[in-house]
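Student: Below are the chains, spelled out letter by letter.
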Amino acid sequence: MAMNLQTLSKNEDLLAGGHRACAGCTGSNILRQIMLTAGPDTVVGGATGCMEVVTTIFPYTAWKTPFIHSAFENCAATISGVETAYRALKASGELPVPREKMNFIAFGGDGGTYDIGLQSLSGAMERGHNMLYVCYDNEAYMNTGIQRSGATPFGAHTSTSPAGTVKQGKEQHRKDLTKIMVAHNIPYVAQTTPFHWRDLQMKVQKALEVDGPAFLNILMPCTVGWGFDPAIGMELCKQAVEANFWPLFEVVDGEYKLTYKPKEDRPLMEPWLKQQVRFKHLFKPGNEGMLVEIQRWVDSEFNKIMKLCGEA
Amino acid sequence: MSRQFMKGNDAIVVGALQAGCRAYYGYPITPASEIAHAAAMHFPALGGTFIQAESEIAAINMVYGTAGMGIRTMTASSSPGFSLKQEGMSYIAGAELPCVVVNVVRGGPGLGNIAPEQADYFQVTKGGGHGNYRLITFAPNCAQEMCDLTVLAFDLADKYRTPACLMADGFTGQMMEPVEVPLAKEVPYDHTSWAVAGTPETSKNLISSIYLESNDLERHNLKLDAKYKEITANEVRYEEYLCDDAELIIVAFGIVSRIVYSTIDEARAAGKKIGLIRPITLWPYPSGIISQHAERDVQFLSVELSTGQMVEDVRLAVNGRAPVHFYGRCGGNVPSGDELLAEYDRILEGGRS
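Residue numbers (this note's numbering), protein chains in the order written: chain A, 1 to 312; chain B, 313 to 665.
Source of the hints: derived by calculation from the structure; they are not laboratory data. Note that the Cβ used here is the ideal one computed from N, Cα and C, for glycine as well. Honestly, I wouldn't trust all of these hints.
Stated by the list, open to error - Okay, derived cross-link-like pairs now, BS3-like style, lysine-lysine, Cα gap no bigger than 30 Å in a straight line:
#	chain 1	residue 1	chain 2	residue 2
1	A	Lys-284	A	Lys-167
2	B	Lys-539	A	Lys-280
3	B	Lys-539	B	Lys-497
4	A	Lys-167	B	Lys-541
5	B	Lys-319	A	Lys-167
Stated by the list, open to error - Anything over 12 Å on all C-beta distances counts as not near chain A; from chain B, calculated:
#	residue
6	His-354
7	Ile-369
8	Asn-425
9	His-442
10	Ser-520
11	Arg-627
Said to hold, decoys possible - Okay, the calculated beta carbon distance ranges per label pair:
#	chain 1	residue 1	chain 2	residue 2	range
12	A	Pro-285	B	Phe-317	30 to 38 Å
13	B	Asn-444	A	Gly-81	32 to 40 Å
14	A	Lys-10	B	Gly-643	40 to 48 Å
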């Protein structure tokens with residue numbers, strides 16, 4: 001059942017205020033939106049990362065649901081354990097408080113998902129746990145001081161892919177994790193952004209309704225790591241989608257479907273890049289070729305998605 | 313030589329470059345990330361390699377691969393990341409490869425926090441991973457030593473074909489101090505007898521740690537053991553301060569030794585005979601000098617940022633001949649000078665053990 005903003009806003013906000021996220025953080029907004037849809041019968045797992053650190057500094061927690069923290073590399077395994085225990089107790093009739101349905105959601109950043117956590121995520125998806133894994137993808141290791149990750153786009157400056165005289169930021173394109181998750185043949189995979197709240201809410205709902213594992217990849221502009229005015233995080237989400245950098249689609253039982261059809265005369269990548277300090281060096285003389293390469297890559301990747309969605 | 317003002321973590325990279333290390337493999341973790349940042353900045357510019365791995369496990373195994381070619385290589389991390397590297401380090405020790413691994417220790421167990429601790433002492437000095445092996449372990453207490461001991465760690469790693477470790481703490485990593493930058497040196501070792509370097513001379517070499525026959529594996533372990541005994545005989549390093557007439561000898565390393573130094577003159581001025589033994593190598597451990605002092609009427613106090621780990625090695629060295637006390641703080645707390653002076657008084661007055 002789709003909800004409008006009015007009914008959604010009446011749901012309980014399960015992430016309390018007063019947590020330590022930065023001003024203008026789009027990540028805490030992602031968490032709140034997901035929890036508004038998921039509701040209180042949810043167990044949340046958090047891999048080490050920004051969202052875990054800012055919401056659960058001992059002895060405090062911003063979570064009004066059960067929350068379990070894991071190491072950097074194994075949140076999917078930890079939630080697998082919780083979900084398995086729940087099923088075992090349910091099967092033996094030993095659940096202390098029987099519920100009709102419990103949601104199990106694991107959160108990880110791109111470092112903890114694309115890189116060090118990929119093994120445990122892949123295992124959980126293959127085993128078929130009834131869980132949702134959400135990657136909040138801010139395209140680098142922000143919590144430890146902005147190091148490059150498998151999700152960092154080509155050309156971006158980070159602490160470990162610095163732009164200087166020898167190199168000009170990250171030398172590789174980002175990994176397509178969403179497609180890797182589709183290859184696990186799980187019932188539901190999608191990507192979205194917190195700006196597209198209706199799209200996000202619909203996808204969370206579908207992900208929690210399917211029988212089996214689901215995966216959501218959510219773009220999370222980071223004011224500190226990307227270097228932008230804290231006021232424009234949501235605007236950058238919107239532009240990333242309009243420029244075809246982050247297409248909105250879902251894959252239900254292997255079938256791709258575009259959930260937002262961009263305009264024919266889509267904006268180029270340049271205006272989006274220009275608003276972020278991490279791409280500043282790309283606009284220096286001599287780096288024109290890198291801008292061309294970014295546009296070429298975005299167009300090429302987008303065309304592949306369009307084909308998969310039967311739109312091309 | 314030039315004198316520069318820098319963070320302890322940066323001094324490690326300076327030492328590594330001057331020692332001829334040109335291959336760095338890292339993974340982000342606070343409070344060690346600056347080492348990777350500095351390596352990313354400087355290694356490629358000097359014709360070297362910096363790679364950020366997808367995990368700590370990948371980083372240590374990249375080190376394994378590069379070390380196998382006979383090239384000076386390193387990685388650095390902090391406690392949870394160091395835990396993840398253990399399997400790789402066991403393989404590196406088993407295959408007898410030289411490398412340097414830095415652990416800028418933070419508070420544990422589990423996620424703990426990002427503040428300084430010394431509670432990885434057991435893990436670092438007793439092997440850490442599986443099997444019979446040890447890491448040559450240095451405990452720098454200032455930015456200068458972060459640099460100099462990195463150079464020495466590379467040399468000893470090459471000399472004995474074994475992994476060496478710098479066990480620093482969040483303070484020595486983050487603190488800025490002046491550092492005399494040592495001159496760059498040629499790597500004085502020829503690795504053709506064992507490395508697999510893609511050359512005709514090394515084409516028959518084999519790097520492995522698998523010995524399926526029990527006698528073969530026992531022989532390999534005995535060979536490693538003989539090497540560790542040789543290291544123990546030759547490479548113990550420590551500093552001694554006013555111990556000869558001391559009634560109470562403090563044993564402390566790393567950042568804690570700096571605090572202890574500052575208390576000793578103050579205690580002496582008040583007529584209290586206190587001394588300090590500062591292990592610079594945590595393995596091999598300076599048991600000899602502690603044992604020597606234990607011959608006379610003296611007490612020992614191990615001060616650590618843990619709930620009591622090195623104190624076990626002090627007790628082993630003393631072997632029941634003198635009282636051994638312990639004072640520790642953890643979680644990112646460090647003892648103040650006054651706190652330590654009060655502890656010395658309690659012990660000297662026969663209060664606490």
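Student: Among all the numbered hints in the text so far, which are the ones the structure does not match?
Tutor: 2, 4, 6, 7, 8
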